[in-house]
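Go ahead and model the full structure; you've got the sequences and the hints to work with.
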Amino acid sequence: MCGIVGYIGEQQVAPLLIQGLKRLEYRGYDSAGIAVAKNGHLLVRKEAGKIAELEKLIVADPVEGVYGIGHTRWATHGPPNQRNAHPHVSEKGDFAVVHNGIIENAAALKRRLIERGHTFSSDTDTEVLVHLIEDIFNAGVDGDGGRAGKLERAVEQALQQIEGTYGIAVISSKDPGKIVAARLGSPLLIGVGDEGETFVASDAAAVIAHTRDVIYLDDGDMATITEGGYTVHRHNQGPVSRPVSRVDWDLDEVERGGYDHFMLKEIMEQPETLRETMRGRLLAEEGNVRLGGLTGMDEELIETERIIILGCGTSWHSGLIGEYMLEDIARVPTDVEYASEFRYRRPVVEPNTLVIAISQSGETADTLWAMREARQQGATALGIVNAVGSTIARETDAGIYLHAGPEIGVASTKAFTSQVEVLAMLTVHLGRLRGTLTASRGREIVRALQQLPEQVGRLLEKEDEIKKLAEEYKDSRNFLYLGRGYNFPAALEGALKLKEISYIHAEGYPAAEMKHGPIALIDENMPVVVIAPRDAVYDKVRSNIDEVKARGGCIIAVVSEDDTELEQVVDTVIRIPRTHDALTPILASVPLQLLAYHIAVLRGANVDQPRNLAKSVTVE
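Residues 88 to 707 in the working numbering are what the sequence shown spells out, letter by letter.
Derived from the structure by calculation, the hints contain no laboratory data. Keep in mind that the hints are not guaranteed to be accurate.
Derived DSS-like pairs: lysine-lysine, alpha-carbon spacing no greater than 25 Å straight-line [stated by the list, open to error]:
id, residue 1, residue 2
1, 197, 179
2, 554, 352
3, 554, 586
4, 586, 561
5, 237, 554
6, 602, 627
7, 602, 586
8, 143, 125
Right under this line is the structure:
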């Protein structure tokens, strides 16, 4: 991984590839490169570091041509340097490949190719693929030299020997005028432009400046892209038809819009994204919600005996909040699983189980494969995703889109709050459907949902206050985040935000668990963030605060705006509006997002592209 873009048409390709790669910078990367075809040769330029370094290289040594492929790499095999950057080329320079994913049997294939005389020049698994394609092409596919000139056949035969995941784009000087693309477990799409222009990319953001019409490839699809258009086919099946989807967001949504960072822009967008997530879905008078993606699911939802929520990182945290909601309000037994662990521990999936896969991108590999495992065992699958047309959205039985717009910052903010909001609406829907939630209690939750955008807007007006707090704590080396009930997952999320963008060690704990170990860390140098709104467990959290203070800890408390008690006890208070207990994590998370953001900026960290992280994790 991490980003792929390709183009074939009449324009000079290098500037288009660079532009597309810049649109994919948000995904996280450590090197970048392009391969351009011209006059029977492939011209490759690649460099470690940011795309700006690649641009300098191209200025010093220009390339011309009307079709080619580009890539931003996030290292999985071999260090992030120039020799490991994509595209990778064959020994004679006749084939070039860009690849997202992991080739799990790369070592065995490499040994075999070395025995056949191939010499490798990188540490990557991807280079194995380009050598394999070259080897098959030159030998003649299926031993038939008469078909050796077909790039598609060589790629297809090579992929049949691959174990693992891939999204690839391939060009060859031996079969010019085409790009061959294929996917298995790593997203890939075709962009259909005007006047014979065609694109291939791992993300619509790379092509949105040129076309809104895209075709999302399914696992097992291979596409041949030429100036005249494209064809999609599958092994042993022949040509297949894939629908054209219309990208419904604008280019300015993937621009910073005057903000210093995408993350800050997306934090500030939350009043509107929360409105968009709810738009047309709330039935205030009925105390219910309308979820179009669940149409026709009533009988299955009524008969559901258990819910399993699958997610990773931030999505796992939102799933934990969903577990509390679904059990507390809808009274459905619910478990939340790390998707990365679920698939590999022989999980038990009983009849009438509903599996909810949560993923902002809809392409998270661990979540996708865990969801597939559950479906194979007979579960009904529901997806909660932000990216329209993503793999999880296409493969689940039903689903709910977030409608939060593209999220560019690697650290999720607006997608998290929209995920929690969707889980709240799903809880209301299930509770009303199954008779565990009365109309009056439903109206209470719906009214609280309606108030969220305005309440979040008021919180965002406190940015300067949070920034001053960040200045006070930016040099801290460790943080502890505590919460109970619904706000324990919010504490986990607050700690994750701080550690992933500022590189300060932070841990989230259930407040009551502190005395079972972490309390040993408490001293005057350990800031402790406690989420303590006036909810059902307020008195319990107050006792935990006293335990921290008794040991000299420095406390930042997130409290209800009418709380006058805790400000006498803690060092700093951050006030949030009152809401339904189940929705408090949304309001509590906003100032913690701002705190993490401003601490990271003050420490000089790369907020939008934290080191070692990628936005869409498409490898297990």
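Query raised in the report: Which earlier hints turn out false for this structure, listed by number in ascending order?
Result: The structure conflicts with hint 5 only, although it agrees with all the remaining ones.
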